[in-house]
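**Q** Chain order of the listed sequences is A and B. According to the working numbering, the stretch in the first sequence is residues 1273 to 1522, in order. According to the working numbering, the stretch in the second sequence is residues 732 to 998, in order.
Label pairs and their in silico Cβ distance ranges: (1) R1496/A x E872/B: 22 to 32 Å; (2) Q1299/A x H740/B: 34 to 44 Å; (3) H740/B x C1474/A: 38 to 48 Å.
DSS-like, lysine-lysine: derived pairs with alpha carbons at most 27 Å apart: (4) K923/B x K780/B; (5) K923/B x K814/B; (6) K787/B x K750/B; (7) K813/B x K1292/A; (8) K1292/A x K804/B; (9) K1292/A x K780/B; (10) K787/B x K1292/A; (11) K1309/A x K1292/A; (12) K1274/A x K749/B; (13) K1292/A x K814/B; (14) K750/B x K950/B; (15) K923/B x K913/B.
Calculated from the structure, these hints are not laboratory results. All residues carry an ideal CB built from backbone N, CA and C; glycine is no exception.
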Amino acid sequence: MKVLTGMLTRLGRASLFLGKVMAGIPQLFLRFGLVVKQVYSVGVQTLFITLVAGLFVGMVLALQLYYTLSTFGATDTLGMLVDLSLVRELGPVVAALLFAGRAGSALTAEIGLMKATEQLSGLEMMAVDPVERIIAPRFLAGVISMPLLAAMFSAIGILGAYSVGVDLLGVDAGAFWSQIQAKVDFYEDVLNGVIKSFVFGCIVSWIAVFEGYDCIPTSEGVARATTRTVVYSSLAVLAMDFVLTAIMYN
Amino acid sequence: MSDPLVQIHDLHFSRGDKKIFDGIDMEIRSGRITAVMGPSGTGKTTLLKLIGGQLKPDAGEIIVDGQNVHQLKRADLYRLRKKMGMLFQSGALLTDLSVFENIAYPLREHTNLNDALIRNMVLLKLQAVGLSAAHGLMPAELSGGMARRVALARALALDPMMIMYDEPFTGQDPISLGVLVKLIRETNQALKLTSILVSHDVAETLSIADDVKIISEGKVVADGTRDDIVQSESPWVRQFIDGEADGPVPFHYPGASIEQQLLQGVA
Ligand SMILES: Nc1ncnc2c1ncn2[C@@H]1O[C@H](COP(=O)(O)OP(=O)(O)OP(=O)(O)O)[C@@H](O)[C@H]1O
Ligand SMILES: [Mg+2]
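Using the sequences and the hints given, assemble the complete structure.
**A** Right, here's the structure in full:
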């Protein structure tokens, strides 16, 4: 019971905090440089791991599917199947998990350390609202970066599948692309994937900035908060993925 | 006699079960340097944070420049804070900005000055703390004492009406210590500032303070002008100023005595 009320009050605090962060976002259009800087450190620095992971996931998918499909003589549909898996599920979900591990943890640690070293208090005493100047740009950068990263994950995954399927296993290149073109629907598949990754971006960034801002301002407190960010956001992404999939493709 | 800039009435504040302030009354007069002294852990930093509106008292009120800090709306509180500079014990510099950008930060946030003017102002502030040549360094490349001087330059950047110094002298070599003492006194006179100075360095503090408050165990135990304090017969004051371990001010954190703890053995 006590654990439950503890969790609920924390959730309440996190929601109030999210409200404050949202209220700070309109201000950012005047200072978009702050956001661009954060998109670099949040997004661009996660790009490498996302691309490498996307490439391998695409290649493995192609291998696995090729052997199954070849027993039905349906290897022409390889491209389409890989594309659907990536765009609908794996792109948004795996990219979000990687994002939580790479960018989310870094965000929490950075904000937590700023709190522990009194940088946030220092800003407050300079009459600068740290939620507006420090938190909101980081949150927004996460929300912007996530769909882009997921898209790049899927894109390079398809190229990986192409190199394995077409170059290595001998699937017809024309069939690979034309099946994708014919069967993958923009609204049904691509747009839904983008919506998913947008939602995941919001969730992971929210958890990351809140954990940092709310942490106990000591080395141990920051370490715990960082771990919590990765654990909570991974679980939240997986649970949310189930909900969204159920709604979108009931 | 000048008017009080800060008035504290019957201030109560606790951290968890620990009472930090148990009914404190204090007046900080404007245009003067007021030293707040007391043993480590009595709540001097906490007091500054209460005055700056970062912490909320359990009871009592703090009035700064005629405004009750804890009843102000956010926008008004921020307006008031622009007139209060604070030098944090740790410096609290933004670690992702250079020394120059750290001092320029409040100017960029709160003024519309052009870059050339900001540059001149920042360099002058840095010159005053002897670090104008260090403007390109990052905070991680500074020593603790240098970081505190940069933080002082930043606190002065907006030319506030009042400045709160939390342990400005800690970690300074004798030369920069002398410079800082002089700087604090001169800025206070030249800019007609009001300064609140928290420090353990009795000699330096007494050399520049106009008024002195000593707090211990949640109470103000001595309050007067520097001369009152220096000549005071009170055992509280004498112990603190002469630095003796025995006396009414406890040196040990309250709780079980060492004999009791040793006899208990390993828990
Ligand atoms: N965040 C916190 N949570 C709980 N207790 C705290 C916190 N910060 C400070 N305290 C407690 O409040 C008391 C006063 O702390 P404060 O930092 O104001 O002391 P101080 O007088 O500035 O000491 P020093 O001279 O060593 O800087 C201490 O006993 C400390 O244990
Ligand atoms: Mg202190």
